[in-house]
Structure formats: C-alpha cells, structure tokens
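Which chain is which? The protein sequence lines are C and V, in order.
Numbering-wise (full-length UniProt numbering), the first sequence opens with residue 1 and increments by one.
Numbering-wise (full-length UniProt numbering), the second sequence opens with residue 1 and increments by one.
Just so you know, these hints were derived from the structure itself, not from any lab.
Check the hints yourself; a few may be wrong.
Unchecked claim - Covered, in the sense of this in silico footprint (three residues per stretch, anywhere, with C-beta under 8 Å from a C-beta of chain C), are these stretches of chain V:
(1) 83-94
(2) 205-216
Claimed, not checked - Derived DEER-like restraints, expressed as beta-carbon distance ranges:
(3) Gln71/C <-> Pro344/V: 20 to 30 Å
(4) Gln90/C <-> Ala434/V: 53 to 63 Å
(5) His94/V <-> Glu14/C: 27 to 37 Å
(6) Ser73/C <-> Pro344/V: 33 to 43 Å
Cβ coordinates follow ideal geometry from the N, Cα and C atoms, glycine included.
If you want the building blocks of each chain, they are given just below.
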Amino acid sequence: MIDMIEKEDPVISEEEAAQYDRQIRLWGLDAQKRLRGSRVLLAGVGGLGAEVAKNLILAGVKGLTLLDHEQVSEDSCRAQFLVPVTAQGQNRAQASLERAQNLNPMVEVHADPGRIEDKPDDFFLQFDAVCLTGCSRDLMVRVDQLCSKHNIKVFCGDVHGYYGYMFCNLGPEHNYVEEKPKVVKPPADSNDGPEAKKAKIDPNETTMVKKTTSFCTLKEALEVDWTSEKAKAGLKRTPVDYFLLHVLLKFHTDKGRDPDPKSFPEDSQLLRQIRDDVLEALALSADLLNDDFISYCFSEMSPVCAVVGGVLGQEVVKD
Amino acid sequence: MVQLVGSLRRELAESLSTCKVLVVGAGGIGCELLKNLVLTGFKNIEVIDLDTIDVSNLNRQFLFQKKHVGKSKAQVAKESALQFCPSANITAYHDSIMNPDYNVEFFRKFMLVMNALDNRAARNHVNRMCLAADIPLIESGTAGYLGQVTVIKKGMTECYECQPKPTQKTFPGCTIRNTPSEPIHCIVWAKYLFNQLFGEEDADQEVSPDTADPEAAWNPEDTAARATASEKDGDIKRVSTKEWARSTGYDSVKLFNKLFKDDIMYLLTMDKLWKKRKAPIPLDWQQLENMRPQEESPASGLKDQQVLGVWGYCQLFQHSVETLRLQLQEKGEGSELVWDKDDPPAMDFVTAAANLRMHIFSMNMKSRFDVKSMAGNIIPAIATTNAVIAGLIVLEGLKILSGELESCRTIFLNKCPNLRKKLLVPCILDPPSANCYVCASKPEVTVKLNVQKTTVLSLQDRILKERFGMVAPDVQIEDGKGTILISSEEGETEGKVLLGFLSILQGIFLQEQEKHSDEELERDVEFEVVGEAPDKAPPPQNNQEEVNSITNGNKDSAQPSTSSKGEHHCSFCVHKQKHEELLGSIVEKVPTPLASGAIVASVKHSLQTFFVA
C-alpha cells in the first residue's frame, strides 16, 4: 500500500509547507510526504482516541477514519475535547467529526458509527495503519492477526485511571532507517602536528543506516508462558503493569465494560478476584500485583490520555 | 472507603475545582496544558501570553485555527477551551509576565504556577516571583522529540537558577570577519551585514576584514601595529558601512564587488591566515554574469529547500538589496530596519549574502530553508512531545495539590526508549543549592569590575539587568549614609558617572534590593562573576538496585543515595547529558533544560509503556 502511494509522489503545497514547517524541520520532507499519503483507522473516540486523533490530524495524514459505535454520554464530554457539550445521545464518532476536521482542514476526516466487531476483514485493508483504543482482547488479537498478514501496521492502547498501555506491531519484517553519526577518519597524511589520529565523530554529519526488525503479534505478547525458563528470567524486568493489563483485559471481556467509578465497591472486589485468578493461571505469585492499583484504574484520566496518546500518536507518525 | 469522582479521589477532585492556577504561555505546551487542566477538572485558570498566532504554530497549537492567525494566543486559547468546557472560569491576559503589574501579590493568588515558556529571561523572572510568593512552580520545556518537566518549591528543591545554565554560543570576531569555516559563521556575518546596511549599527557586529586579527600577524608586535594603523587609517575604516552604502545609493553591484571581491582580496593579503587554510576565492560580478547558466528545470520538493547556483544567489542578493533599500526609503530619513526571519526580503538577503560568502570560502551552499533555521534559531516542534509533557505537568500538579510534594520528580522524555526500555525517565528532585544567589536565604554574589572604566549606567544595565536578570534594581552604598546609587525611579540615576569617581574603593559593600522580591543582596562590586562552578557533565554510573526499583513501579523500594555535593549517580546520566547538550546548545527563544536530580527512583502513579517484541 505504501509503495503505491510513494509512486504518486504527492507534492507538498506552499500552504502545507508553511503550516508543517516546524515538523518538517524535525523529521524531514520525505517523512511528511509519506504521512501525506497514508490512511489511518482509529477505533474508539474516547479520551485516548481523541488525543490520538488530534495528534494524527495535526501531523497531516491523508485520511483518518473515526470508528465508534458508542453514544455520547455525560462522561464523554468530560473525557474528551472533540465532542460538544450539546451532543449527548449522538454517536461519538459523528459528534467528534466537526472539531476533528477543524484541527486541520487538509486532512480527510470521516466518521463511521458502526461496530468494529461487525466489520468484515476487507474493511481493514483500505488502511495503512490501524489504531485500536478501548477494544476487547479478542478483538484486538483478531485485528492484529489479520493486519499483520496484509502488511498493515497495528497499534493498540488504552487508559485506565492513572494507568495506560500501548502496543504496536509493525509486521514480521519491518524495514526502517536509523540516523547514525558519521565516523570521519582523518587523512593518512595529516600534518596537523602531534594530534592523535582518532576516528572523529562529527556531530553534524549523519548517515542513514538501513535496518530490519521483527515485531511479534499481540497474541504472542499476551500469551507469554511464564513457566518457561526464559520467561522467568525476564520476569524481573517486566513491569507489573503488564499483569495489570491482563487483569483489566479480562475484566473487560467478562463484564463487557471497564471498571466504573459509580460501581466502585463491586468493581474493586471483582478486580481483586480477577487479579488472583489471572496470576494463578499464569502460575505466578499473587504478591506480584498488590491491591494498590485498584483505586487508581478507573475511568480515563485526561493527562494520562495525553501522555499515552502522545506516545502512541508519535509511534504511528514515525512509521 | 475511597470515593471516586471519575478517576480521582473525591478530596482531590474537590480541591481541583476550587483552587486557582496560572499558566504562563499559551503556545505549544500551553495549549495542551490548558486542555488537560480543564478536562481534569480544574475550574479556575488564568493564562498569559504576549504573542499572537502565526501559521507555523498550527501544526501543534491545536486550540488555534487558520482563521485565528494574528490574534492573541491567550485570548483564543481561552475561547477554544471554553468550547469544550463552558463551565470553566478562564481569564486570559495578552501581556508579558514581566510587566510589573504581575507582582508578588498577583502570584500569591494561585496555588500552583505552570510555565509553558520558550525563553530564559521569562523563566528566570517567574522563578523569582514564585520563590518570593512561595508558590510551587512546575517548569517544563520541549525541543523536537525531547522534553522535560520539573517541580520547583522554595526551600525544598533547586530553583531554576541554582545550576548555571549554558550561555548562548558566540563566535570570535575574527572568525566571522576573516576566517569563517562553517556555514553558521557566514550566516552570522550576513545578519551583521544586514544591520550594518539597513538596521542598527553595532560596534560588535563589524563585517569588514579585521586587520587586528592576532592570527594574521607574523610577529606579535605586528598585531599592535596593525591595530593602530587601522585606527589611524582615516579612509575606509572611518566611514561606516551604512554611510558608504548610502553614498553609492545602495548600488547592489557596487556592494557586491566591495564585499565579495575587494574585501576578499584584502583578506588574501593577510597571507599568514591562509598558510594552513584554504584561501577564499573572490567573486566578480561581471564574470559571473557572463558565465550564467541556462534556465534550469524546476526540481521537485519545496522551493525553499532548493540550493541555487552562485548566479542564483547573486540575483537574490541584488533583488533583496533593492527591496530593502526601498523599504528603508519608505520609512524615512534616519530610520532603521529590524531583521525578522519572517520578512521575505530580509530572509532573502541573509540567504544570498551568507551563501555567497560560503561559496567564497569553499563551503557547500545551503538552501533558504536551512539558512532560515540557523539564522532564525528555529526549534523544530511537534504536537506529540508537547502533549506528553503537558500531561506530565498535570500529573505532577496533582501530586502537589494532594500534598505529596515528596513524590514529585523531574521527568525526562527521550526520543527512543533507553537501555532499560524507558521512554520517560523520572529523577528525584535536588535540594536547593546553598550558594544560589537567587534562592539562598542570604543571597550573595561577588562581581569583579574595573571601577575606573565602569559607569553607573553599565552597572545597572549590563550587570544587574542583563547578567542577573533584575527588572528594576535599587542600589545603595553601605557607607553609613545610605547614599542611593541607582534608583528604579525614572530619572534619578546619574548614569554616566564612572564608579571610580564616586570614590568607591574595592571592598566597599553595595546593598541592593530588587524591587520585586523580598530578598536583599549584598555585593562586593567587581567585574566578573566570581565563584560560579562550570557546568560539568558527571560520568555515568550504573546502579542495579535503583533500576529494579523503577521496573517494579514501587515507590518505597530503593532509598535514593543522593550525594550532598550534588554528584550525579543517575544511571540514566547519558541521557541527561544528551538532553543538556542538545537543549543547551540551542540559543534563545528556546525551551532550556533544567537542572536534573540525582537518583532515578520509581513513581507511584507510574505510567509505563512497554514494547513487547
């Protein structure tokens, strides 16, 4: 998909050059052109989704489709800044459309009120990158597997209270370019006196080095077997939040929703139970994830969304 | 039983809705910050910014749209934020925070102040105001992919000025005038030239060959001889560049030949300079015109990013000189132009002049795009870095409002995950520096100067205002009579008097009181600022325990082993160094780095991103 677009070589207009000036100076004109040619699907326009949408639209992608079947609730207005306060009862994607489009008229923004679960496989194939927020585990795994097969990049993320995570899968064989400082060897006949003949690293000169790396699928990431020797060795360096993620994903799968502040007592209880179950199933000690997390993982915290959304958005852009 | 309002504990939610906060700056960080504050539940926000909206802001300052270009940033930011949170109470000031109206009393209204600035002078000022008012300050900055957030609290943490900041890089006069070796030297030269021809002439911005260049002399005595010779040489040296240009009617060809042929030929006579360097090659207008190339086909990509040929820059030079001449004429007799990177002929002029000089000195020429970056000190900027930093600012703010100052941290945002796979790196905050002349309980600094050469006015302007960032100093001599030397009241200061004439001997103390702060400074007045430790980068060290404490996300493990001398044991030192090198080498109009803390420790509400691969 990307190859086709590059052949078109989209021209950056003077207007775009003026608006994107500060970012072109950071990631270069070629990167801006590639952004200009890419279409992204964003599922879920809650707090995190809105942040990612903003970041991608400002960056200047060709098209962004906002996919969300949820309705605007009273909480939505507090959680994100794209939905007008008067839009209660409307579809969240459609309600966000106007403000999202206004962020950057040069991007084609679409709203799709459908359910992501109902979308057929080939729906996803029209995009270069897919970003899933607030989705269930099974859905994410399914989409991830589908997209990797077709060389579509996948990004997932979610925010629970003070906690958030993101995941990305750029395919089993991802080619990229890294900027490395150029190593300059001094000329053999240097007559500058007693200067040491070290290879100099000139900070202003860089070369682009081609590299390839491989990403694992979400399924593999989540289904790590912690009883294996290799996994046990890596356990110490794994943030506990990884396990918290498992707990929250299971909560979502079981209850069909996220922990709700309005049902704090029951949900806390349930979270504790799930924590115990999850860790037991993974053959790990229940002490690994203590109770503290419980009161901090409700709802979406705006600043946390901003941070995760920023990082997630940047990952999508970088690609 | 814990009660939640959304994600927050009820008590915290309530205090957010009542407290007043101040946001200084409504640009990249400011827009994101304002959004985060209202969405998190802050109800009373005041925002101040002196700037208006420019089209280059729109890629990240998302509260602004194209239709807002030219309007006040603070005002539009307020209006946009109210769109998605009509119940918020926002006050906008289109003003400079350094305006004396915003005094200590003003600052005391707030529970929290958050900076979203892009220059050091304002940061210094807000730092002092917050210290004087004893209000916690959250300081931050971004540049490209990098960013930083820290908390400043009087008596508890370092203030913004506890650690000396790297000063702006300047180049020696002879490098600019005689022996440029890098494009930036030529660009600086071109900017000086602009001022000499069209703007305010500055004795420190000479563009003609420097005959007193010590490198040019074969013998040391030569240098002195040349210097006196050039002073005595009544002819060309006496006439200012501007006068000379005017006498030719700003004839671009005559200007061209003087700057790029005659002056270069003069440089060539200083043959010692060219013993080990490639000698410059003078240009001749007529020759170039005769040799000019055919029409070239337009290349793809941005017009600004193309590098023209020599003749192209000759034409650009001619064209811009003509336009600027007209501008000057229109402004009237005795007027001056001010260089502005966004003024096309001014930018064209610098692009052309710098490139011609680069070509003369055998450097590869640069596109207008690149010249603009360097000449205009442009910092590349994107939305996401600001979004992350603004999010972190609010998170730190919540800790402060919850009374959890000890859990506040300095946080660095890296370009890529470090060795420990961390993108965000928290560091414990350092305690205040004992000899900080801004926040120490008895602030004192020693300045060395020559009383025979320094006037009262330069004491006030160059030393007190410029070097120490004072806004309106009052100076008294501690001679028992309380003689006033400098008064912040207009017209009372005898500016031109040499300090020596006032019988100020070395060793007499001057007692000074800064108008806007309650601190008293005693000075032993001399010229250089004595006793400042150079900004040394400490060696990186690895400490396994601390690293584990981060990954476990548990704030209680691993006591930080802060050294009282401020030595740095952070295992992420390398990144701190890189941050400071990068951010420190960028000149003004820039987010500058902050002093960072010692040990990396875990953060209670840690936000972890992990790459599972």
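Here's how the hints hold up against the structure:
1. Coverage of the segment 83-94 of chain V by chain C holds in this model, with 4 residues showing a Cβ closer than 8 Å to a Cβ of that chain against a need of three.
2. Coverage of the segment 205-216 of chain V by chain C is violated in this model, with 0 residues showing a Cβ closer than 8 Å to a Cβ of that chain against a need of three.
3. Taken as a hint, the range 20 to 30 Å is violated for the pair Gln71/C and Pro344/V, whose Cβ atoms sit roughly 51 Å apart.
4. The hinted range of 53 to 63 Å is satisfied by Gln90/C and Ala434/V, whose Cβ atoms lie roughly 60 Å apart.
5. For the pair His94/V and Glu14/C, the beta carbons lie near 30 Å from each other, so the given range of 27 to 37 Å is met.
6. Ser73/C and Pro344/V have their C-beta atoms about 51 Å apart, which leaves the hinted 33 to 43 Å range violated.
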